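Student: Residue strings, one per chain:
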Amino acid sequence: MRIYADNAATTQPSHAAIEAMLPLLWEGYGNPSSLYTFGQRAKEALEQARADIAEVIRADPKELVFTSGGSEADNQAILSAAELGRKAGKRHIISTAFEHHAVLHTLNKLEKDGFTLTLLDVHENGMVRPEELEAAIGDDTCLVTIMSANNEIGTVQPVRELGAICAKHAVLFHTDAVQAVGHLPVDVKADHIDLLSASAHKFHGPKGVGFLYARKGVRLTNLIEGGAQENGRRGGTENVPGIVGMATALKESAARMAENAERISALRDRLIEGLREIPHSALNGDSVRRLPGNVNFCFEGIEGESLLLLLDDRGICASSGSACTSGSLDPSHVLLAIGRVHDVAHGSLRLSLGEDATEEEVEYIIRNVKEVVAYLRGFSPVWRDLMSGKAQFIL
Amino acid sequence: MALYSEKVMDHFRNPRNVGVIEDADGVGEVGNAKCGDIMKMYLKIRDDVVTDVKFETFGCGSAIASSSMATELIKGKPVSEAMKLTNKAVAEALDGLPAYKMHCSVLAEEAIQSALTDYYSRHPEKRE
Ligand SMILES: Cc1ncc(COP(=O)(O)O)c(C=O)c1O
Ligand SMILES: [Zn+2]
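Chains A and B are the protein sequences, given in the same order.
With the numbering used here applied, the first sequence covers 1 to 395.
With the numbering used here applied, the second sequence covers 1 to 128.
There could be a bad hint or two in this list.
Covered by chain A, according to a simulated footprint, are these stretches of chain B (three or more residues, beta-carbon under 8 Å) [unchecked claim]: (1) 58-64; (2) 114-120.
Quick list of in silico lysine-lysine cross-link-like pairs, DSS-like style, CA-CA up to 30 Å [to be verified]: (3) A:43 to A:216; (4) B:75 to A:390; (5) A:168 to A:62; (6) B:88 to A:370; (7) A:168 to A:189; (8) B:7 to B:126; (9) B:7 to A:390; (10) B:88 to B:44; (11) A:43 to A:62.
To give a feel for the contact side, a few chain A residues facing chain B, derived at Cβ under 7 Å [stated by the list, open to error]: (12) 303; (13) 309; (14) 342; (15) 382.
Simulated from the structure, these hints should not be mistaken for lab results.
A quick note: this is a predicted structure, and the numbers were derived from the prediction, not measured.
The C-beta atom is built at its ideal place from N, Cα and C for all residues, glycine as well.
Take the sequences, apply the hints, and build the full model.
Tutor: This is the structure we're talking about:
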């Protein structure tokens with residue numbers, strides 16, 4: 001038995017997405033840049049995919065650039081905005097401390113290059129406060145980059161409000177929407193989004209393909225020089241099967257979005273309710289403004305990796321923000337950003353439910369997490385000190 | 001490729017010598033919550049031999065397996081031998097650990113040293 005509860009890491013490619021890709025691998029392998037009919041068929045498939053995706057996020061097809069995934073889109077969006085800022089003599093960027101590393105590491109690079117960075121507080125509930133964004137914007141600000149939904153704690157930001165503030169101050173607004181696209185409604189125009197990153201494998205498409213939306217008029221800087229593909233904004237023969245798979249998966253996700261969100265949110269809330277019964281535990285991130293499938297807890301007195309290994313033995317695939325799962329000495333930067341101290345951040349568990357999750361699975365997860373947490377606490381010296389009063393409970 | 005060897009997983013899933021010794025002759029605790037691994041070792045010593053050992057660990061799979069293996073390696077051994085246990089020996093007995101997990105086996109070595117130091121501080125006459 002396997003219960004896959006790590007959909008924030010990646011999702012199962014949908015049947016329809018795979019079916020749509022196969023003919024392009026078997027027979028329709030022409031190069032979309034070739035002028036003969038065989039190549040032009042691939043080009044048609046490519047442009048149909050672009051139109052389909054554009055429709056879902058309410059963009060113009062010309063505003064989409066296909067990339068190798070979310071990381072590349074984040075890199076290109078931020079470096080392009082910085083380049084525009086540099087030309088205008090503006091070198092201040094606003095973001096948050098709990099962005100994905102594809103964003104944070106790119107920003108760190110720019111910092112070394114003379115840009116100044118303001119990281120907005122995401123507070124205990126993992127939410128940006130719009131008034132704090134507005135207060136941080138100055139004459140020197142060239143970019144605001146804030147993720148639509150956090151990949152670890154699932155909090156969903158008030159993107160439209162943030163976008164409106166950026167528009168009012170004429171500052172470019174980028175959002176890493178990798179966890180949002182296909183799961184929450186996205187309307188780039190109404191949301192005042194100038195740049196948006198997305199990744200196919202987070203919404204039942206294939207891995208290694210994604211897209212960058214860049215509003216008409218926002219000039220992109222190439223990360224990859226080469227041919228004239230993607231209107232000269234990204235060199236390299238397009239991953240036609242992957243792109244078509246992505247478009248198919250996104251159309252499908254969009255068509256079922258409301259229905260899926262309602263059902264998964266109900267399962268999520270049951271999972272949260274069940275795990276809350278574990279003493280000295282806490283939900284990470286706002287309990288309402290969060291992704292439909294995301295559950296993230298800290299359990300005091302235990303360490304996350306051992307929890308994951310024992311859950312794996314029971315067939316449950318999950319994730320943790322503990323240091324020992326990241327290979328570094330520090331636990332997740334996201335948990336630290338919402339004010340979790342190291343002691344409890346090491347004992348975190350992320351469960352991200354998919355569209356096919358069932359009530360039985362949720363009950364199985366609750367039962368097994370309870371058992372494993374109790375078992376690990378049974379020989380934890382930290383738990384002993386807490387129980388004997390030698391140390392104070394944090395949660 | 002599995003993250004850990006079969007041996008590590010065996011000791012992680014079925015840790016040997018888990019628990020506490022209420023009337024221990026030496027107790028040592030190392031690590032801290034900041035780095036994410038904490039180990040506590042309890043020793044019972046008779047006639048310069050480690051007659052019993054128990055541990056408690058807050059930590060990752062490799063930390064739990066290292067504690068378990070370390071207790072097996074010193075149980076029934078003369079104190080002088082237990083004192084010489086190295087993290088390398090613990091890691092080797094586990095058929096190896098991923099490079100970035102070696103610090104967890106260092107903790108096992110340190111926990112035993114710390115428990116023995118405690119024992120010697122209670123019995124200064126035993127120190128050579
Ligand atoms: C919020 C966020 N941004 C960016 C990425 C990177 O996407 P990709 O794996 O497609 O490069 C991820 C996926 O891990 C993500 O969750
Ligand atoms: Zn460890």
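Student: Kindly indicate which numbered hints from before are broken by the structure, ordering the numbers from low to high.
Tutor: Checked against the structure, the hints that fail are numbers 2, 6, 8 and 9, while the rest are satisfied.
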